[in-house]
Amino acid sequence: MNATTHAVKLGLARGWIEFRHSLTSSTDMYFNAFVAVAFVVVLYFQREVKLPGTDVSLAAATLPSMLALLVAVGGLVGTVGTLAVEREDGTLLRAKAMPHGMTGYLIGRIVSTSTAGLVTLVIVLVAGLILVPSMLGTGLGGWLMFAWVIVLGLLATLPLGAIVGSLTSNPQAAAGFSMLTIGALTSTSGIFYPITSMPEWLQVVSQIFPLYWLGLGMRSAFLPDSAVAAEIGQSWRFFETTGVLALWAVAGLLLAPPILRRMAKRESGSLVQERRERAMQRVS
Amino acid sequence: MEALSELPLNAEPARDDAVIEVSGLRMNYGPREVLNGVGFSVGAGEVIALLGPNGAGKTTTIEILEGFRGRSAGQVRVLGQDPAQGGEAWRARIGVVLQSWRDHGRWRVRELLRHLGRYYEPYRAPYPTDELIEAVGLTEHAGKRVNRLSGGQRRRLDVAIGIVGRPELLFLDEPTAGFDPQARRDFHDLVHRLSDLDSTTILLTTHDLDEAEKLAARILILSGGRIVADGSPDQLARGVSRDAQVRWSRDGELFVHATEDATRFVQGLFAQYGDAIEDLEVRRATLEDTYMAIVRKEER
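The listed protein sequences correspond, in order, to chains A and B.
Counting from 1, one number per residue, gives the positions in the first sequence under our numbering.
Counting from 1, one number per residue, gives the positions in the second sequence under our numbering.
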């Protein structure tokens, strides 16, 4: 039995078990319900407004963009948060104390974060379809693009989350930093309003980050061709989307392992104890 | 960094069957010196208690041995390897029970133990899950979520996880903190069983000197970054004082006498006073007396 492949299998099993836990966890489900309700409210107020230069409703354009946001939030914030918490509660140290435990832990984390994110995505998608029934008419090509963007999006954001989660010192700092980043990117990436109506320099900046391309990819999957008028260069830019997201993914996948290794190397019982004492002080 | 060629302090002759060998171990955190030439060795199957005041460097020492922490200088071999370079196969031979684990709160006890045990499968068969759960007395809680366990139950689960891979060497950092007397007794039985049946080598830290005396055949006392005492509880006691205290009463009056040879003294007592001797008590120095004497002497 090869110990590494065995640990990969255990990681998959671990991800599946944690996914089941999140399905039965009331906290996780409240979060999903909250997100779904919040997004549906936004869609409701946008249903009458038209996307500039098209006859597509703004709600129809926002729903795919929201799905993109969810992929980014799940991949980045989800990974940062769980990594920070699991460093504090000793899960990581436990993994370190077992043979090939880190391999199992990381694979489990990737599987459980992705699957939990997909559940939120499906819930919001189903809720959104009620308000934007036109999306039901999406063809096979659209759904394939949807799947492709999810895969690329997770590959681009999960390693970033792992890097941020490794570099921050406590869960509060980690959550604050990642929410701030996502917030700043969301407001400029054309998620809730077309990017073409923003100043040009901001459009340039936004196109550096993966969130814009995730949104564009999702819109290209679900919107009618006429909606392309509201995009930069009046094009869905499939190759650019794939290219930029792939670049982020490659950069993240190259940088994350050494940073994770360095962080894991420093984990020890007294460090966990120290963090615990600090956490107790925050509570009291 | 200290020069590696420096002569190790407390050097001991290397032992063939040594599971842990430490010599000249130093650890500095910036200018602060936590370990200042620690040296000892542990043979296969030994149960050793590492005692010492808070801040003496116990946790640092254990973490270096566990491979969780680097060192400033000195030689360390654990199961024949330098822990700083210990690979996964080495890791599989070691069990670790730390002080503060709150992980895997959503998992159920049996689910977690079975899952973690499987990591050892490529190396050797882990303990059957239910048998192990029974051994640590968690059978009726096997289906519970880990975050619903009491502090003592959680600790017993930590011990179970530490031994699930049948380690050759087990580190226990204050394993019974928060145990009630029954749980403590059960835990002691478990340690004896591990030591007797599986000849597991065990290194434990504790603040409970009574526990150290019950579990460990050998005591190491760490103080001021050095090993200041190394031996069986009895040897340590004799090192501090050979005297035993004899107390008795005669005609309602209380007497105390310290003597090296309590047996002869008591014999003489009866020869002189016979039936008039009452409430006789002969007390050797306990590990606690010894420990206090040694640590106090070091701190002066």
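These are computed hints drawn from the structure, not numbers from a lab.
Using N, Cα and C, we set each Cβ at its ideal position, and we do this for glycine too.
Hints may contain errors.
Per the computed footprint, the stretches of chain B lying under chain A, defined by three or more beta-carbons under 8 Å from a beta-carbon of chain A, are [as the list claims (entries may be wrong)]: (1) 83-93; (2) 105-117.
For the chain B half of the interface with chain A, some residues (derived, Cβ under 10 Å), not all of them [stated by the list, open to error]: (3) 68; (4) 72; (5) 73; (6) 96; (7) 101.
If you want the ones that stay clear, here's a sample from chain B, every Cβ over 10 Å from chain A, calculated [claimed, not checked]: (8) 75; (9) 122; (10) 134; (11) 180; (12) 188; (13) 258; (14) 273; (15) 279; (16) 284.
Against the structure, the hints come out as follows:
Here's how the stretch 83-93 of chain B fares: 4 of its residues keep a CB closer than 8 Å to some CB of chain A, so the rule of at least three is met and the hint holds. Counting residues of the stretch 105-117 of chain B whose C-beta lies closer than 8 Å to any C-beta of chain A gives 6; at least three are required, and the coverage claim holds. Here the hint on residue 68/B is kept, as its CB sits about 4 Å from the closest CB of chain A, short of 10 Å. Annotation: residue 72/B was flagged as interfacial toward chain A, and the flag is violated, the nearest CB pair being 15 Å apart, outside 10 Å.
The restraint placing residue 73/B at the interface with chain A is violated, with a minimum CB-CB distance near 19 Å, outside the 10 Å limit. Here the hint on residue 96/B is kept, as its CB sits about 4 Å from the closest CB of chain A, short of 10 Å. With a cut of 10 Å, the hint placing residue 101/B at the interface with chain A holds, because the nearest CB-to-CB distance is about 4 Å. Listed as a non-interface residue, residue 75/B keeps its Cβ farther than 10 Å from every Cβ of chain A; the least gap is roughly 21 Å.
At roughly 4 Å from the closest C-beta of chain A, the C-beta of residue 122/B falls inside 10 Å, breaking its exclusion from the interface. At roughly 22 Å from the closest C-beta of chain A, the C-beta of residue 134/B stays outside 10 Å, upholding its exclusion from the interface. No beta-carbon of chain A is positioned within 10 Å of the beta-carbon of residue 180/B; the least distance is around 23 Å. Residue placement check: residue 188/B keeps its beta carbon more than 10 Å from all beta carbons of chain A (closest about 23 Å).
Every CB of chain A is more than 10 Å from the CB of residue 258/B (nearest about 42 Å), matching its label as outside the interface. Listed as a non-interface residue, residue 273/B keeps its Cβ farther than 10 Å from every Cβ of chain A; the least gap is roughly 57 Å. In this structure residue 279/B is separated from chain A by more than 10 Å, as the shortest Cβ-Cβ distance comes to about 47 Å. A cut-off of 10 Å between C-beta atoms confirms that residue 284/B is not in contact with chain A; the least separation is 35 Å.
The structure does not agree with the numbered hints 4, 5 and 9 stated previously, though it agrees with the rest.
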